[in-house]
Structure formats: structure tokens, C-alpha cells
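One-letter residues, chain by chain:
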Amino acid sequence: MRPYDEIPFEESDYSDVALLVASVREFPGDDFARDLDARVAQRFAAEAAPRANHIGRGRLFRWTAGPAAALVAAGTAAVLVLSGGGGGGLAAGGPYEHGRAQNLVSASPPQSNSRGGAINTTAATPTRSSSLGQLSAGAGVTSATGSSGASSDAAAKQATLNTQATFSSSTAPGLAPVAPGSKQIRSAQITLNTSNQHVDQVATEVFNVVGDEHGSVLRSHVVSASSSSGGGYASFSLSVPTSNLQDAMTQLSRLHYAAVSSRVDDSQNVSGQYNNDQRQLSDAEALRASLLKQLQTAYTTQAIDSIKAQLKLAEQQINSWQGTLNSLNHRISYSNLTVQVNAGGLPVVPAHHSSSFTIGKAVHDALRVLVVAAGVALIALAVALPVGLVVALLMWLWVWLRQRRREHALDATA
Amino acid sequence: MRLGVATREAQETGESWGRFEALYRSSRDDVYAYVLTLLRDRAAAEDVTAIAFERAYRRRCTFDRHRGDERGWLFGIARNAALDELRRWRRTATLVVDPEDVSEDALVGADDEEDMVVRRAAVREAIESLAPRERELIALKFHAGLTNAELASVLGVSESNAGTMLHRAVQKLRRAVNAPV
Numbered sequence: 142m143r144p145y146d147e148i149p150f151e152e153s154d155y156s157d158v159a160l161l162v163a164s165v166r167e168f169p170g171d172d173f174a175r176d177l178d179a180r181v182a183q184r185f186a187a188e189a190a191p192r193a194n195h196i197g198r199g200r201l202f203r204w205t206a207g208p209a210a211a212l213v214a215a216g217t218a219a220v221l222v223l224s225g226g227g228g229g230g231l232a233a234g235g236p237y238e239h240g241r242a243q244n245l246v247s248a249s250p251p252q253s254n255s256r257g258g259a260i261n262t263t264a265a266t267p268t269r270s271s272s273l274g275q276l277s278a279g280a281g282v283t284s285a286t287g288s289s290g291a292s293s294d295a296a297a298k299q300a301t302l303n304t305q306a307t308f309s310s311s312t313a314p315g316l317a318p319v320a321p322g323s324k325q326i327r328s329a330q331i332t333l334n335t336s337n338q339h340v341d342q343v344a345t346e347v348f349n350v351v352g353d354e355h356g357s358v359l360r361s362h363v364v365s366a367s368s369s370s371g372g373g374y375a376s377f378s379l380s381v382p383t384s385n386l387q388d389a390m391t392q393l394s395r396l397h398y399a400a401v402s403s404r405v406d407d408s409q410n411v412s413g414q415y416n417n418d419q420r421q422l423s424d425a426e427a428l429r430a431s432l433l434k435q436l437q438t439a440y441t442t443q444a445i446d447s448i449k450a451q452l453k454l455a456e457q458q459i460n461s462w463q464g465t466l467n468s469l470n471h472r473i474s475y476s477n478l479t480v481q482v483n484a485g486g487l488p489v490v491p492a493h494h495s496s497s498f499t500i501g502k503a504v505h506d507a508l509r510v511l512v513v514a515a516g517v518a519l520i521a522l523a524v525a526l527p528v529g530l531v532v533a534l535l536m537w538l539w540v541w542l543r544q545r546r547r548e549h550a551l552d553a554t555a
Numbered sequence: 030m031r032l033g034v035a036t037r038e039a040q041e042t043g044e045s046w047g048r049f050e051a052l053y054r055s056s057r058d059d060v061y062a063y064v065l066t067l068l069r070d071r072a073a074a075e076d077v078t079a080i081a082f083e084r085a086y087r088r089r090c091t092f093d094r095h096r097g098d099e100r101g102w103l104f105g106i107a108r109n110a111a112l113d114e115l116r117r118w119r120r121t122a123t124l125v126v127d128p129e130d131v132s133e134d135a136l137v138g139a140d141d142e143e144d145m146v147v148r149r150a151a152v153r154e155a156i157e158s159l160a161p162r163e164r165e166l167i168a169l170k171f172h173a174g175l176t177n178a179e180l181a182s183v184l185g186v187s188e189s190n191a192g193t194m195l196h197r198a199v200q201k202l203r204r205a206v207n208a209p210v
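Each protein sequence line maps, in turn, to chains A and B. Each residue of the first sequence is one higher than the last, beginning at 142 in this note's numbering. Each residue of the second sequence is one higher than the last, beginning at 30 in this note's numbering.
It cannot be assumed that every hint is accurate.
[Unchecked claim] Output of the computed footprint for chain A on chain B, the stretches with three or more beta carbons under 8 Å from beta carbons of chain A:
#, stretch
1, 52-66
2, 100-114
3, 146-158
4, 191-205
[Said to hold, decoys possible] Reference listing, derived: stretches of chain A covered by chain B, where coverage requires no fewer than 3 residues with Cβ under 8 Å from a Cβ of chain B:
#, stretch
5, 163-172
6, 541-547
[Said to hold, decoys possible] A few chain B residues facing chain A, derived, Cβ under 8 Å:
#, residue
7, Glu-75
8, Tyr-86
9, Arg-162
10, Ile-167
Bear in mind the hints are in silico, worked out from the structure with no lab data behind them. All residues carry an ideal CB built from backbone N, CA and C; glycine is no exception.
Go ahead and model the full structure; you've got the sequences and the hints to work with.
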């Protein structure tokens with residue numbers, strides 16, 4: 142029912158105005174009405190696109206669909222990139238991926254920070270610590286007391302190469318080959334994951350490996366925890382003969398109740414420093430021999446006292462250089478190995494070093510896939526959320542501006 | 030299975046088209062009258078009316094019954110199309126289209142009684158004297174027959190605000206019509 146049907150509106154007070162307005166109401170011409178009827182009957186088939194563009198529909202599409210498509214493409218690319226990274230992470234884990242995981246070196250930081258909190262909160266849990274002595278592994282190898290040593294320090298430092306091995310291959314061994322005759326200080330870190338109830342067993346296995354490889358435990362810290370409370374943790378600082386380091390790492394990578402989380406191998410070339418220290422020692426010994434000869438031919442008391450003083454200095458230098466060389470030799474012969482065992486993560490299935498399919502392995506794999514997928518989804522969400530908010534804000538701003546211009550156009554007709 | 034889906038889609042399309050056609054039949058003249066009130070130009074009003082229906086046809090799937098009835102939705106589209114046309118006029122030329130004197134055509138042969146002619150002329154003059162927004166309100170209310178809620182939806186204001194604005198416009202129109210010449 143329309144006003145021109147002379148039917149009152151919901152506000153009966155406006156009936157007079159309705160009649161007034163109806164009296165001056167305009168109707169479309171017959172030609173236009175007929176034409177529009179025909180177009181509607183044809184469902185705007187033929188001329189839809191040009192007419193829509195006439196009023197800016199094409200512009201609307203350009204301004205909205207273009208950026209939207211670009212954003213969707215960028216988001217898809219980001220998710221794909223992130224998914225690729227996640228897949229790589231997935232390949233690094235797995236309890237029956239030991240053969241591969243032992244060679245993978247992760248650049249991720251050790252998880253000691255997060256585990257530290259767990260240790261503090263589980264103070265009531267049984268804790269046993271053992272300190273089995275300290276070796277002077279950290280002694281400075283470039284310290285020189287003689288005047289002749291200082292001149293070649295720069296060259297020695299320059300010759301010292303510090304390399305950190307990062308292996309991405311799944312087949313190459315973690316330790317870099319050593320050139321014949323070169324002197325290298327090696328160290329390694331390995332982070333293992335296990336379940337809370339297996340921390341003690343893993344610790345025992347680590348001790349066994351150290352014994353098998355003729356190494357020694359410099360420091361160890363083991364925190365046992367029940368599976369419900371969580372927070373189990375163990376760390377070991379080991380000294381292993383460098384010749385056995387590779388075997389020790391291999392064995393640690395194949396522990397029964399642990400899976401490798403990350404592994405870092407460091408090697409420092411100290412050939413230059415070693416040669417320099419040896420030369421300094423030889424010089425000091427030659428100086429002492431020369432002074433001893435001079436002492437035999439000295440007649441005056443003053444000359445004898447002077448030579449004896451020089452001899453004393455030379456012997457001090459010899460002792461110093463010998464100490465330095467011994468320390469360096471020890472650091473070359475024995476490598477520091479840090480083992481960190483984290484518990485409370487994914488359940489670790491005991492490894493059997495076989496490729497047979499088991500339900501436990503399948504469940505573990507499924508869990509890992511879920512965790513990685515969730516991580517990728519979270520990262521993608523973290524990217525998409527701010528982008529989406531910005532896009533939504535821009536869209537809202539654009540709609541608001543367009544509406545404001547429309548209203549302004551209406552006001553301008555006054 | 031695929032045939033069933035196709036049949037259902039065809040049914041939905043048929044229902045959608047049927048609703049649109051009914052909306053077109055019941056609203057064509059109202060939309061034209063409303064757009065003409067905004068643009069005051071017959072040719073432009075015809076164009077914009079056609080555009081509005083075409084837009085409505087293309088976007089009929091986006092209509093949400095929970096946000097109002099179809100007439101309010103249609104007049105919202107018509108309003109935007111008309112305002113876009115006004116903006117286009119402003120952009121393309123500074124020459125403002127003079128309000129077409131639509132009264133002459135309407136008067137000729139419409140009513141022979143002189144009083145009625147004078148009365149209509151007075152009403153037209155009174156409507157012309159209103160502000161654009163008031164003219165629009167009058168058109169939406171009395172040409173389109175929208176409720177206050179639908180008015181509010183089309184204009185993007187609250188319902189009470191729409192009612193207040195309408196009341197003021199009506200009062201102003203009454204005063205203008207009854208004002209001594």
C-alpha cells in the first residue's frame with residue numbers, strides 16, 4: 142500500500158502530508174517503464190557490465206579485488222614458506238630418526254631457560270647433584286709473559302680459526318675432518334628430549350657412554366621429576382678424548398630413551414697458536430742454554446750475578462710456556478662435551494633402531510605432525526591477523542570515506 | 030547427487046528471481062519518484078532507477094532479511110546510486126543541473142480545476158524549499174512508504190533520530206505549504 146493509494150501511514154498525523162506529497166508525485170514515462178520492464182525480463186543480460194561500470198562498479202572491483210587478491214597471494218606464500226620451515230623441523234625429530242638426527246645441527250638456542258623455571262618450581266622433587274672435579278680446560282692459551290712472546294701474539298690470534306659446524310645434510314657426520322698436522326680444539330653440545338620418568342635412565346646412559354669412551358664428568362646436574370609434575374632436567378659437562386668424541390656423540394644420539402633435539406659441533410684451529418707457543422718455549426730454552434754458557438765463562442761477581450738473574454727470568458719464561466703448551470695440548474687432546482636432557486615435551490618412544498612400523502612410532506609421528514601443524518597455523522595466524530586487521534581498517538575507512546562523499550554530494554545540492 | 034544439487038540451485042535461483050521480480054513490480058515507480066526527488070532530473074532519474082534495479086538484481090544474494098526488509102535494502106541501493114550520480118555531476122562539471130521544472134508536465138491535463146493546480150504548485154514549491162536531506166526524508170517516507178526503522182537503515186541513523194528528523198521535515202513542509210504567498 143502506497144501513499145497515493147490514500148491509505149494512512151503508521152503515523153496517522155502525517156496523512157495530510159502524505160496526500161499532499163502524493164498529489165505531486167511523479168511517475169516514470171511509459172517508454173522508460175516499458176524499456177526497464179524489458180530489461181528486467183531479460184534479467185539485465187546484455188548490457189549489465191557497461192552500465193555497472195558507468196556508476197563505478199568497475200572501479201570498485203579494481204580497488205577491492207586487486208589488493209584483496211594480492212593480499213591473499215602474499216598470505217598464501219607466507220604460509221607456504223612457513224610450512225616449508227615447519228616440515229624441515231619435522232624431519233629433524235622422531236625417535237627412530239636417530240640416524241638422521243644425530244647429524245642435524247640445530248641453530249635453535251638451548252632450552253635451558255625454559256627448563257630452569259621448571260627446576261625451581263620442583264624443588265621438592267628428589268634432586269641429586271654431583272661434581273666430579275674440574276679440569277683446567279679454560280686456561281688461556283695465548284697468555285705470554287716474555288717480551289718476545291707479545292710480538293707474535295697477533296699473528297697467533299690471526300692464525301687461530303674458530304669454526305662452528307652447521308650440518309644440514311642428513312648423512313654427513315657432525316665433526317669436520319682434521320687436516321694432518323693441524324691442531325684443533327673441539328667441543329660439542331647435544332640436547333636430548335625425553336619423558337619425565339626417563340630422566341634418570343637417560344642420565345645413567347650418559348654416564349655409561351662417558352665411561353665407555355674413557356671420558357670424565359666435569360659437572361652434572363640431574364633433576365628427577367614425576368610424570369605428573371613435570372620439569373625433569375639433566376645437564377652434563379663432560380671431557381672426552383678428542384679421538385673418541387665422534388663415537389661419544391654417536392652413542393649419545395642413540396640413547397634408548399632420548400631423542401636428539403639439537404646438536405652443535407665447534408672446532409677451533411689453534412695450529413698457529415700451538416706453533417707460536419712452541420717457538421717461544423724453544424727461544425726461552427735457547428736463551429737459558431746461552432746464559433749457562435756465559436755463566437761458565439764469567440769471572441767477575443757482578444757478571445755472574447747478572448747472568449744468574451737473567452737465568453732466573455729465562456727459567457720462569459720456560460715454565461710459563463711449558464704450562465701454556467701443556468694446557469693447550471690437553472684442550473686439544475680432550476674435548477668438552479655438553480649434554481642437556483630436557484623432559485616434559487613429547488613422549489619419547491624407546492628407540493629400537495629398526496625401521497619396522499609400530500603403533501607407538503605412528504602415534505609419536507602423528508603427535509609431531511599435529512604439533513608442527515599447530516605451530517605453522519599459529520605463525521600463519523600471527524601474520525594474517527595484523528594484516529587482516531589492517532585490511533579491515535582500510536576497507537572500513539574506504540567505505541566511510543565513500544559514504545561521507547555521498548552525503549556531501551547530497552548536501553551540496555542545496 | 031549432482032543432479033539434485035543442480036535442481037536445488039535452480040529452484041533457489043527461481044525463487045530468488047521471483048522475489049526480485051515482485052520487488053521490482055511493487056517498487057519501480059516508488060524508486061523512480063524517490064530518485065527524481067533527489068536528482069530533480071528526469072533523464073538522470075530514469076538512468077539511476079535502472080542502475081539501482083540492476084545493482085539490486087546483481088546483489089540479490091547479499092540481501093539479509095535479518096537486517097531489514099527488501100524495500101529498505103532496495104532504497105538503500107537506490108540512494109547510493111543517486112548520490113554517486115550527484116558526485117559524478119560534481120566531478121565532471123561545475124555546471125549544476127538546474128532543477129527541472131517537472132510541474133508543468135504534470136499539471137497539463139492532470140487537473141482542470143484551478144484551485145488544485147495552484148495547490149499542487151504550492152506543494153511543489155514547498156518541497157523545493159526544503160533542505161536536500163529533508164526532501165529525501167519526505168520522499169523516502171511518502172514515496173517509498175518506508176517505516177521509521179527502514180528510514181533509519183537507509184540513512185544510517187538511529188530509528189528515533191530518523192523519526193525526529195522526519196517530524197521536523199513534515200512540520201517544515203506543512204508550514205511551507207500553508208505559508209501565505
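Results of checking the hints against the structure:
1. 52-66: Check passed, 7 qualifying residues.
2. 100-114: holds (count 5)
3. 146-158: holds (count 5)
4. 191-205: This one holds; 3 residues, not fewer than the three required, reach chain A with a Cβ under 8 Å.
5. 163-172: Answer holds; 8 residues pass the 8 Å Cβ test.
6. 541-547: With 3 residues in contact (Cβ-Cβ under 8 Å with chain B), the coverage given for the stretch 541-547 of chain A holds.
7. Glu-75: At 5 Å from the nearest chain A Cβ, Glu-75(B) passes the 8 Å test, so the hint holds.
8. Tyr-86: holds, 6 Å
9. Arg-162: holds, 7 Å
10. Ile-167: holds, 6 Å
Consistency with the previously given hints is maintained throughout, with no hint failing.
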